[in-house]
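Asker: Chain by chain, the residues:
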Amino acid sequence: MAGNPDHLFSLRNNFYLGSYQVAINNSDIPHLSADDAVERDCLVYRSYIALGSYQLVISEIDSSAATPLQAVKLLALYLSNPQDKESTVSSLKELLADPAIGNNAILRLIAGTVFMHEEDYNEALKHTNAGGTMELHALNVQIFIKIHRSDYAERQLRVMQQIDEDHTLTQLANAWLNLAVGGSKIQEAYLIFQDFSEKYPMTGLILNGKAVCCMHTGNFDEAETLLLESLNKDAKDPETLANLVVCSLHLGKSSSRYLSQLKLAHPEHILVKRASSAEDSFERAVQSVA
Amino acid sequence: MLTKFETKSNRVKGLSFHTKRPWILASLHSGVIQLWDYRMGTLIDRFDEHDGPVRGVHFHMSQPLFVSGGDDYKIKVWNYKLHRCVFTLLGHLDYIRTVQFHHENPWIVSASDDQTIRIWNWQSRTCISVLTGHNHYVMCASFHPKEDLVVSASLDQTIRVWDISSLNKKTASPADDILRLSQMNTDLFGGVDAVVKYVLEGHDRGVNWAAFHPTLPLIVSGADDRQLKLWRMNETKAWEVDTFRGHTNNVSCVMFHSKLDIIVSNSEDKSIRVWDVTKRTGLQTFRREHDRFWILAVHPEMNVFAAGHDSGMVVFKLERERPAFAVSGNSLFYVKDRFLRYYDFSTQKETQVIPIRRPGSTSLNQSPRTLSYSPTENAVLVCSDLDGGSYELYVIPKDSTGRGDSLQEAKKGLGSSAIFVARNRFAVLDKSNNQVLIKNLKNEVVKKSGLPIPTDAVFYAGTGNLLCRSEDRVVMFDLQQRLVLGDLHTPLVKYAVWSNDMESVALLSKHTIIIADKKLVHQCTLHETIRVKSGAWDDNGVFIYTTLNHIKYCLPNGDCGIIQTLEVPVYMTKVSGNNIFCLDRDGKIKTIVIDGTEYIFKLCLLRKRYDQVMSMIRNSQLCGEAVIAYLQQKGFPEVALHFVKDEKTRFNLAIESGNIQIAVASAKEIDDKDHWYRLGVEALRQGNAGIVEYAYQRTKNFERLSFLYLVTGNLEKLSKMLKIAEVKNDVMGQFHNALYLGDVREHVKILENAGHLPLAYVTASVHGLQDVAERLAAELGDDVPPLPEGKKPSLLMPPTPVACGGDWPLLRVMKGIFEGGLDSIGRGGADEEEEGAEGDWGEDLDMVDVDGLQNGDVAAILEDGEVAEENEDEDEGGWDLEDLELPVEAETPKVSANARSSVFVAPTPGMPVSQIWTQKSSLAADHAAAGNFDTAMRLLSRQLGIRNFAPLKSMFLDLHTGSHSYLRAFSSAPVVSLAIERGWSESGSPNVRCPPALVFNFSQLDEKLKAGYKATTTGKFTEALRLFLSILHTIPLIVVESRREVDEVKELIIIAKEYVLGLQMELKRREMKDNPVRQQELAAYFTHCNLQLPHLRLALLNAMTVCYKAKNLATAANFARRLLETNPTNENQAKTARQVLQAAERNMTDAAQLNYDFRNPFVTCGATYVPIYRGQKDVSCPYCTTRFLPSQEGQLCTVCDLAVVGADASGLLCSPSQIR
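Order-wise, the sequence lines are chains A and B.
Here the first sequence stands for residues 1 to 290, numbered as in the numbering used here.
Here the second sequence stands for residues 1 to 1220, numbered as in the numbering used here.
Honestly, the hints are just simulated from the structure, not real lab data.
Ideal Cβ placement from N, Cα and C applies to all residues, glycine included.
This list has only true hints and no planted wrong ones.
In silico DSSO-like pairs for lysine-lysine, Cα to Cα no more than 27 Å straight-line: (1) B:K1014 with A:K253; (2) B:K494 with B:K518; (3) A:K199 with B:K494; (4) B:K648 with B:K673; (5) B:K953 with A:K253; (6) A:K199 with B:K447; (7) B:K1050 with A:K253; (8) B:K81 with B:K4; (9) B:K1020 with A:K253; (10) B:K1008 with A:K253; (11) A:K273 with A:K233.
Covered stretches of chain A (in silico footprint by chain B; criterion: 3 or more residues with CB under 8 Å from a CB of chain B, positions within the stretch not fixed): (12) 117-124; (13) 163-172; (14) 182-188; (15) 273-281.
Produce the complete structure using the sequences and hints provided.
Answerer: See below:
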């Protein structure tokens, strides 16, 4: 804990909390070391990916760039081109197999993310479980939540808390886990998001987090207010729309507007997928019961 | 020791505090008596009549008097209001050591080196008693504060207590002549009315001072043996209790604290010492470098002391009196005695929260100094100076109102300041290593962070930030980034007060207030001559603060002023509207109501809220020289204009603000030359020719007027001026005007009339007026002057002005400043400003507005377009995603296979929450929410015999969709979906899954039922049918908690069913226009559905009408009778029914036979709509319980459209309480 200031702190924070554009806009930080500069570039490109500007990332990162950036490019390729996932995955595996660079934290992080998308959680964990950076730990927490193993997630969280309890990612991961296990923990999750909203500018991510907490505590009215605030910030944010669909349903309001917006803008969103698969399974169930 | 005030002077031998005012008298070795205001630090007066040192001085309790005694053997009584000595008491034969007024009687006691103590009556100005007995100098003598006792100390090593009660009797009944006679005798013989009660012996050297305890029977004394002694006395005797050793030279004075169990003494060893009476130990010692101490004084009411020494005096406090407090939103936490207390600003209630540890009085100033509160965790940090700075962390229990006396075991630690920096984090300053420790609520160190500057205190600066203070600056430090966010040079900051929105901070120093923004950018600095005590921000961003004796305000631009004066210092906690909440020194909450008009007015001006300014001007009595001066000084003369009644001031302000109109009005009122002139100058400056002309006319300033006409090209007026000049016989004016007009003939005429014939001649001949020239030449005769040669003469005509007449167009800046505020209010002055010239300007503004509007429209259109686009096709998204629903078992082998290939063994996936739901519940809704539609359907089929699920599809899908929320976790990673559970409670334990939250609930159905009723009443049957059907379709997927609610749900099914059936029949009836019999039958059956009374009436009315029209009078009569039985509230209905009844009575027959026997109870078949009379066979719908003819068995129920008629079913299951 030496006293030298952490130049990338606010950049990272903005990225984690979903202020991607702010992160990009404020990325011009002077006097960075080479490593920091690479990390900065990674964060910037990942922000672009989060904003959906895949092509920009793909075209800006050339083959001479550092490994982490290559990994980021792969992520952009993977997300931009759903038809050609296999080739991206195979080149990713190639990189991972290279002993010289296979252990790079960003590479492993991207691998974890990609394999999560592939729903191959086992493969994802293979690369991420060793941890090493807060981001990897946070990803682990998310994977464990995804496979409904909150006990493992909790262990990961504890590791993070030992490293830095006040780290934004630790707090976030804590909130995710609290939401996943439910019960009294939901209030704690709410407080974490509340802290963020007091400390940093409001983002869709924070608002959604708060809204989800409200929904889980049965407070759908407040959730709606928060979600509408988030919708004001970004009218096409998939999570906001999805949560608004859910929230409207619970409030007995029409959700069709949000649903069609979501279907249009994000046909791959998990809510859309769930809805359409539910329709199929309904038909199937009708057949089987009849 | 907290020094409040110090003076430098000759040796101070006597001191006395004023009871009420912040004054102290100091008598000096030089013979001067000084009167100081120790709060303001000013010398009020000096009294110099004694010859030689003055050793004793004392204020009277209530009168404006004080007494002094000096080495000139004189006792002088002074009136400080009259600034003079009133009289002198003579009698002592040596130096006088002390003098003191009695608290009630008009007495003075004095002690002298002549070995006597004397008691004087200052009203009769006589000595009433001489107390003899000491056989050396008497060093001090004083009355007991309540009883008839005097204590004296002498260099004869004794202390004497004198009983003066007989003296009291003597003055109490002066009318008693006999007594007086005897008194005279006793007086003559040396006075027996004061007798020695006790002689206290114990000191080994001369005793310098002895003093009574204010309430207890105790005496304390100090002597040249360097010791203090504590004595106790009762009715009969007095004895030595204890000795305090410590002083290293003669003890000069010693006193009890007026409230605490403390003794303060001072000595020639240059120290003041504080002692604990009960523990008999020394608490503190304060030393001076070179000065021996001679005298002490204790304030009778307040916690203030004074000590006199060789080169002046010092006024000091032993303990801080500021109660520790913390404000958070509407709550105030503060420490009083040994309790943490809570005060709610909104309800104005205070409660005792928890007891906190109170340090024993082992040393002073150890009580809590600051508080920091975390509202979410309800935790309080109490900091004190104990152990060189330490904190205690208390967590307030939830039921905080408990007046439990038990002390909570607080978490403690060392550190000079401790404050919360986040909800569950606090920072503790570790001064020695110049770092802060970040700790959690368990008092564990979470993080350490070095500080950017040598810091001796930290203050709150928003979440995650610290305000670090060093001697000459403060620094805002971000704990996470370890970055300095702001840096400001300040005098030593004592307190930081943040505004409610955390945008501004006020840094309070001893005599300075600095306002800065949240990045510590300096906004303004205020200097006070006396101490700044506290402050708080009001809701408008004005900083309200208190000094020792004022409540003041500070506007954002640094303007400040006094709101009101204060009697005693208070510590402000919050400003809410006109209420100021504060704590006083006793820890009591006080509310002070202030008049904030002045600062709000100034604030409005500052923020250019002229509309508010105007309304304040009109509604309140603000007008005053000060306000006008302020307005003028701040550049708002046009606002000041509206205050002023005095025309001259008004005129000046109008000129200053360039408001010609008002200036004209005022000038008219004043009507003197000077003002008209100034008006003219200003009008000329503005190019307002009309007013200039008017002003010149009023002042009869013809020359200027002519010139004005010349420059404005007004030749007509100019020639008029010529005439006026002629009338007035003003030759020069005439000539000028003629010159301006270029009128040569006139010119010549004037010259001629004035007797300048040669000039007239030359002019005439030069300008070619030959006839005149000749006439003049004739007149002149020989004296004809020669004409100028070689030059070609021409008439000098004034050029035509570029702008002819009219006023110059003015840019109306004024309007801009006032932003319409004044205009809308419609004051005369403002209205007058509306003049033609600015028309164009106004229009320009409008143009801008129009543009803005257009843009807005465009945006709106664009938006509409977008929405339309987004809505265009909704039927996309036929994504086939079966793999999402992969059963868990299927994945397991794969996982284990992979696991073998890597070192890391990944955990097997856990059970999704939705799966837990289906396992735990046998409610169809829970299964549907979990997405297990087939099991849900099976359940419904088994419980309610439902076979047709098509109407339930949307409910199923909504339940499923509504069962999860979505959380964007890690960027670019897939979204996490989280199961929403119902019945959440704060105490719910984590990891215990509750059933899913459902999108349908019973209250929604209630709403629908009401809507259905309403639609029925208004005759919207299709709409009503839709609503009742949707109730029927939702109920299978409803979940309620209690048994009682289950019954309500079941009732609701019946209600909905009755309505659905009835409405279906009614709609059917309307379709069958050509079958009157069937129509009548259906109308009749409708009346037998179980409807709400108003609806039943309508159905009956309907059936009655239908039957009456079809001449089925008997049946119609029956409906009419039934209708009347319901006591219809609508008189029309009753009337019609009675008419039908009358008509039917004449002819009780039916034209057509109906399948309807109202005497025989029946239900209607839900499919065929025929009556099933009691006793007939029927089958029913297992869900909605509609009855059917047996032939309908196996068919889909036509009422609910869900279940199969006559199917087996176990019954509605809609609550977990039914299963338990």
